[in-house]
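Novice: Using the sequences and the hints given, assemble the complete structure.
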Amino acid sequence: MLIDAHVHLLPPKRQAGLIQWIHRFFPHHPIPETVTQDECIADYEKLGADYIFNLVYPILPEETEELIDFNADLRLRYPWIVPWGSLHVENPDKRKIVERCIVQEDFLGLKFHPFIQRFDPLDPRMFDVYERLQELGRPVIFHTGYEEFYGHSLPMEELIENFPRMPVVFAHSLFPDFHKAWRILDRYDHVWMDMTNNFSALWDERYRFAAPTEAKAKLLDGLATRSDRVMFGSEHPAGLGTL
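For any residue, its number in our numbering is found by taking its place in the sequence shown, counting from 1, and adding 13.
Since the hints were made in silico from the structure, they are not lab data.
Here the structure is a predicted model, which means the values were calculated and not measured.
Here a beta-carbon is modelled for each residue, glycine too, at the ideal position from N, C-alpha and C.
Treat each hint with caution, since some may be false.
[Unchecked claim] The calculated lysine-lysine pairs, modelled on DSBU-like cross-linking and capped at a C-alpha distance of 35 Å, are:
id, residue 1, residue 2
1, K109, K231
2, K26, K231
3, K193, K231
4, K229, K193
[As the list claims (entries may be wrong)] Here are the computed distance ranges between Cβ atoms for each label pair:
id, residue 1, residue 2, range
5, A237, E75, 43 to 53 Å
6, N175, A55, 36 to 46 Å
7, D119, R221, 34 to 44 Å
Specialist: Put into structure tokens, the structure is as follows:
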């Protein structure tokens, strides 16, 4: 079974803005700003993908409902697209939004990008979200890693200790701190890692990030013994590299 566990199909304006943002930092990114949703979906149909996890998140509070509607409609048209929801830290009645995403729409889980969404994962305003996800047994994906690029760091271990029954996925696996990522997997059985962008960041000259020389070895060593706790995604069409 072929599953892309990290995809960003977005409404047209957000999609174009995301690709423009990628080109600003990586001019050789091979996906053009004019790429359409239909073209991206055709890419997956050509590959014969069984499922893709489509991750959306609001940058502004008023985008939340629009993005939930967008992902719900996308799944109706393409049942092999598995939607994930999200919300903004400033949205009121967060438990109601979680209920809509998980119970009403049957999204698989929620995704958050604390750097782009500008919030602390330990902000008490988010605790209702984590508590409800924990009750429902549904996962949450957090962007992690690339902290030097964003200029911030995240208190992720404290979060997973406070919510020990909430399945958590660390997108990008704390890049480039893979030693810490593997240590977390060994310590907490409700955490998974997602390797999206890490291989391109370390091996593709178009995207090479500064990383400790041992990062490659740590990445590969961990995969050899923990592959059942690791997911892979492309972040298509904005990921580092191509499908």
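Novice: With reference to the structure, classify each hint as holding or not holding.
Specialist: Results of checking the hints against the structure:
Only pairs whose Cα atoms come within 35 Å are accepted, and K109 paired with K231 is rejected, the gap being roughly 41 Å. For the proposed pair K26 and K231, the alpha carbon gap of about 38 Å is over 35 Å, so the pair is violated. For the hint linking K193 to K231, the alpha-carbon distance of about 10 Å falls within 35 Å, and the restraint holds. A distance of roughly 14 Å separates the Cα atoms of K229 and K193; the hinted pair therefore holds under the 35 Å criterion.
The hinted window of 43 to 53 Å between A237 and E75 holds, with their beta carbons roughly 46 Å apart. Hint check: N175 to A55, Cβ distance near 43 Å, so the stated range 36 to 46 Å holds. The hinted range of 34 to 44 Å is satisfied by D119 and R221, whose Cβ atoms lie roughly 40 Å apart.
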